[in-house]
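Numbering (the working numbering), first residue to last: 2 to 200.
Treat the hints with care, as some may be off.
[To be verified] The following label-pair restraints were derived from C-beta to C-beta distances: (1) S136 with K66: 25 to 31 Å; (2) A150 with G79: 28 to 34 Å; (3) A175 with G89: 35 to 41 Å.
I should point out that these hints are in silico values taken from the structure, not numbers from a laboratory.
Predicted model, so just to flag it, every value in this text is computed and none were measured.
Every residue, glycine too, gets a C-beta built ideally from N, C-alpha and C.
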Amino acid sequence: MARTNLNIVGVRAANATDLVDVTGVDTKDTIAPITSGRTDIVAVGANAANGTPITSYNGVTATLKQSLAIHYNFATDGGAIGTIQLRGGVLPANAVITNAWVEVTTAFLPTTTSTFAIGLTDAATALRTAVVATSAPALNATGYVAVIAPQTPASFVTKAATNRNFIATIAAGAFTAGAFVLHVDYVVSALDTSTAATN
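Start from the sequences and build out the full structure, keeping to the hints where you can.
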(Lines of atoms letter the chains of each structure in order from A and count residues from 1; the text may use other names and numbers.)
(Lines give C-alpha, C1' and ligand atoms only; values in the text may rest on other atoms or scores of the structure.)
Protein backbone atom coordinates (compact mmCIF):
# COMPACT_ATOMS: atom_id res chain seq x y z
CA MET A 1 0.00 0.00 0.00
CA ALA A 2 1.42 3.41 -0.94
CA ARG A 3 1.79 5.90 1.92
CA THR A 4 1.60 9.43 0.59
CA ASN A 5 3.11 11.10 3.66
CA LEU A 6 6.20 8.89 4.01
CA ASN A 7 9.48 8.85 2.12
CA ILE A 8 10.76 5.34 2.77
CA VAL A 9 13.56 3.00 1.75
CA GLY A 10 13.87 -0.48 3.25
CA VAL A 11 16.11 -3.54 3.22
CA ARG A 12 15.53 -7.25 3.72
CA ALA A 13 16.53 -8.13 7.27
CA ALA A 14 18.54 -11.10 5.99
CA ASN A 15 20.38 -9.19 3.27
CA ALA A 16 21.19 -5.52 3.79
CA THR A 17 22.17 -5.11 0.12
CA ASP A 18 18.72 -6.08 -1.15
CA LEU A 19 16.91 -2.73 -1.37
CA VAL A 20 13.15 -2.72 -1.12
CA ASP A 21 10.64 -0.02 -2.02
CA VAL A 22 7.87 -0.42 0.54
CA THR A 23 5.27 1.01 -1.86
CA GLY A 24 5.14 -2.51 -3.27
CA VAL A 25 8.12 -3.21 -5.57
CA ASP A 26 11.38 -5.05 -4.91
CA THR A 27 13.95 -2.88 -6.68
CA LYS A 28 16.86 -5.30 -6.80
CA ASP A 29 16.29 -8.53 -8.70
CA THR A 30 12.96 -10.20 -9.08
CA ILE A 31 10.66 -7.14 -8.96
CA ALA A 32 8.36 -9.20 -6.74
CA PRO A 33 5.58 -7.28 -4.94
CA ILE A 34 5.76 -7.04 -1.17
CA THR A 35 2.74 -8.73 0.35
CA SER A 36 1.23 -8.22 3.78
CA GLY A 37 2.56 -11.64 4.82
CA ARG A 38 6.21 -10.65 4.44
CA THR A 39 7.98 -10.37 7.79
CA ASP A 40 11.56 -9.82 6.57
CA ILE A 41 11.31 -6.15 5.63
CA VAL A 42 12.84 -3.39 7.70
CA ALA A 43 11.62 0.05 6.58
CA VAL A 44 13.11 3.37 7.58
CA GLY A 45 12.12 6.82 6.49
CA ALA A 46 10.69 10.16 7.49
CA ASN A 47 7.27 11.67 7.73
CA ALA A 48 7.18 14.16 4.86
CA ALA A 49 4.97 16.56 6.83
CA ASN A 50 7.29 17.09 9.80
CA GLY A 51 10.53 15.20 9.08
CA THR A 52 10.14 12.82 12.02
CA PRO A 53 12.26 9.71 11.40
CA ILE A 54 10.20 6.53 11.41
CA THR A 55 11.15 2.86 11.43
CA SER A 56 8.93 -0.15 10.84
CA TYR A 57 9.60 -3.86 11.21
CA ASN A 58 6.96 -6.53 10.79
CA GLY A 59 4.23 -3.93 11.06
CA VAL A 60 5.49 -2.40 14.32
CA THR A 61 6.21 1.29 13.86
CA ALA A 62 8.12 3.73 16.07
CA THR A 63 9.81 7.10 15.86
CA LEU A 64 13.58 7.31 16.10
CA LYS A 65 15.59 9.36 18.57
CA GLN A 66 16.58 12.77 17.27
CA SER A 67 18.99 15.45 18.45
CA LEU A 68 19.58 19.20 18.34
CA ALA A 69 22.61 21.40 18.98
CA ILE A 70 21.41 24.71 20.49
CA HIS A 71 23.81 27.65 20.73
CA TYR A 72 24.43 30.61 23.00
CA ASN A 73 27.39 32.94 22.52
CA PHE A 74 27.89 36.22 24.35
CA ALA A 75 29.62 37.71 21.29
CA THR A 76 26.55 37.06 19.15
CA ASP A 77 23.62 37.04 21.58
CA GLY A 78 24.74 39.53 24.22
CA GLY A 79 24.53 39.16 27.97
CA ALA A 80 22.02 41.78 29.08
CA ILE A 81 19.27 41.05 31.59
CA GLY A 82 16.28 39.58 29.78
CA THR A 83 15.24 36.63 27.63
CA ILE A 84 17.27 35.41 24.64
CA GLN A 85 15.94 32.99 22.04
CA LEU A 86 18.70 30.45 21.46
CA ARG A 87 19.87 29.39 18.01
CA GLY A 88 20.00 25.97 16.37
CA GLY A 89 16.50 24.59 16.15
CA VAL A 90 13.02 24.20 17.55
CA LEU A 91 11.72 21.41 19.77
CA PRO A 92 8.75 19.98 17.83
CA ALA A 93 5.29 19.36 19.21
CA ASN A 94 4.96 16.20 21.33
CA ALA A 95 8.74 15.90 21.76
CA VAL A 96 10.07 14.51 25.04
CA ILE A 97 13.68 15.41 25.92
CA THR A 98 15.37 12.23 27.17
CA ASN A 99 18.92 13.53 27.57
CA ALA A 100 20.65 16.91 27.53
CA TRP A 101 24.08 18.26 28.34
CA VAL A 102 25.95 21.53 27.92
CA GLU A 103 29.30 21.88 26.20
CA VAL A 104 30.75 25.10 27.65
CA THR A 105 33.10 26.51 25.01
CA THR A 106 33.80 29.85 26.75
CA ALA A 107 33.64 30.21 30.53
CA PHE A 108 30.92 32.55 31.83
CA LEU A 109 31.67 35.82 33.64
CA PRO A 110 30.81 37.06 36.18
CA THR A 111 30.55 33.83 38.14
CA THR A 112 28.59 34.81 41.26
CA THR A 113 26.51 37.94 40.66
CA SER A 114 24.34 37.14 37.59
CA THR A 115 21.96 34.24 37.04
CA PHE A 116 21.48 32.21 33.88
CA ALA A 117 18.51 29.90 33.22
CA ILE A 118 18.01 27.59 30.23
CA GLY A 119 14.63 26.33 29.15
CA LEU A 120 11.78 26.48 26.67
CA THR A 121 9.24 29.12 25.77
CA ASP A 122 6.66 27.52 28.07
CA ALA A 123 9.13 26.38 30.75
CA ALA A 124 11.92 28.93 31.16
CA THR A 125 13.91 26.88 33.69
CA ALA A 126 13.25 23.37 32.35
CA LEU A 127 16.94 22.63 31.71
CA ARG A 128 18.77 24.95 34.15
CA THR A 129 17.27 26.95 36.98
CA ALA A 130 18.08 30.62 37.46
CA VAL A 131 21.39 30.26 39.32
CA VAL A 132 24.88 31.75 39.10
CA ALA A 133 27.55 30.34 36.80
CA THR A 134 29.25 28.35 39.55
CA SER A 135 26.04 26.47 40.44
CA ALA A 136 25.31 23.08 38.90
CA PRO A 137 25.28 22.56 36.04
CA ALA A 138 28.29 24.88 36.18
CA LEU A 139 29.04 27.32 33.35
CA ASN A 140 32.20 28.88 34.82
CA ALA A 141 34.70 26.55 33.12
CA THR A 142 35.00 24.95 29.70
CA GLY A 143 33.96 21.32 29.42
CA TYR A 144 30.85 19.13 29.52
CA VAL A 145 28.15 19.32 32.18
CA ALA A 146 25.01 17.21 32.50
CA VAL A 147 21.65 18.96 32.39
CA ILE A 148 19.32 16.00 32.83
CA ALA A 149 20.13 12.38 33.64
CA PRO A 150 19.93 10.17 30.53
CA GLN A 151 17.51 7.23 30.64
CA THR A 152 16.01 8.56 33.88
CA PRO A 153 12.33 9.27 33.20
CA ALA A 154 11.95 11.43 36.30
CA SER A 155 14.29 13.98 34.72
CA PHE A 156 12.78 13.98 31.21
CA VAL A 157 11.36 17.26 29.89
CA THR A 158 7.75 16.53 29.05
CA LYS A 159 6.01 17.19 25.75
CA ALA A 160 3.75 20.05 24.72
CA ALA A 161 1.10 20.31 22.01
CA THR A 162 3.02 22.95 20.03
CA ASN A 163 6.56 23.62 18.83
CA ARG A 164 8.79 25.33 21.39
CA ASN A 165 11.89 27.52 21.17
CA PHE A 166 14.88 27.16 23.48
CA ILE A 167 15.51 30.27 25.57
CA ALA A 168 18.00 31.66 28.06
CA THR A 169 16.95 34.02 30.84
CA ILE A 170 19.54 36.35 32.38
CA ALA A 171 18.76 38.08 35.67
CA ALA A 172 20.37 39.85 38.63
CA GLY A 173 23.05 41.40 36.41
CA ALA A 174 24.51 41.19 32.93
CA PHE A 175 27.00 38.58 31.75
CA THR A 176 30.19 39.77 30.08
CA ALA A 177 31.43 36.46 28.62
CA GLY A 178 30.27 32.94 27.95
CA ALA A 179 29.35 30.49 25.21
CA PHE A 180 27.92 26.98 25.09
CA VAL A 181 26.33 24.35 22.90
CA LEU A 182 23.30 22.66 24.43
CA HIS A 183 23.05 19.08 23.11
CA VAL A 184 19.53 17.66 23.29
CA ASP A 185 18.24 14.14 22.53
CA TYR A 186 14.50 13.72 22.12
CA VAL A 187 11.75 11.50 20.76
CA VAL A 188 8.35 12.49 19.41
CA SER A 189 5.91 10.43 21.46
CA ALA A 190 2.67 11.06 19.55
CA LEU A 191 3.12 9.16 16.29
CA ASP A 192 0.26 8.99 13.79
CA THR A 193 0.31 5.22 13.28
CA SER A 194 -2.65 5.36 10.90
CA THR A 195 -0.25 6.52 8.15
CA ALA A 196 2.86 4.62 9.20
CA ALA A 197 4.73 2.09 7.09
CA THR A 198 3.70 -1.55 7.05
CA ASN A 199 5.56 -4.49 5.58
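To see whether the hints hold, each was checked on the structure:
1. The hinted window of 25 to 31 Å between S136 and K66 holds, with their beta carbons roughly 29 Å apart.
2. A hinted range of 28 to 34 Å holds for the C-beta pair A150 and G79, which are about 31 Å apart.
3. Remark: the range hint 35 to 41 Å for A175 to G89 is contradicted by a beta-carbon distance near 23 Å.
Consistency with the previously given hints fails for number 3 only.
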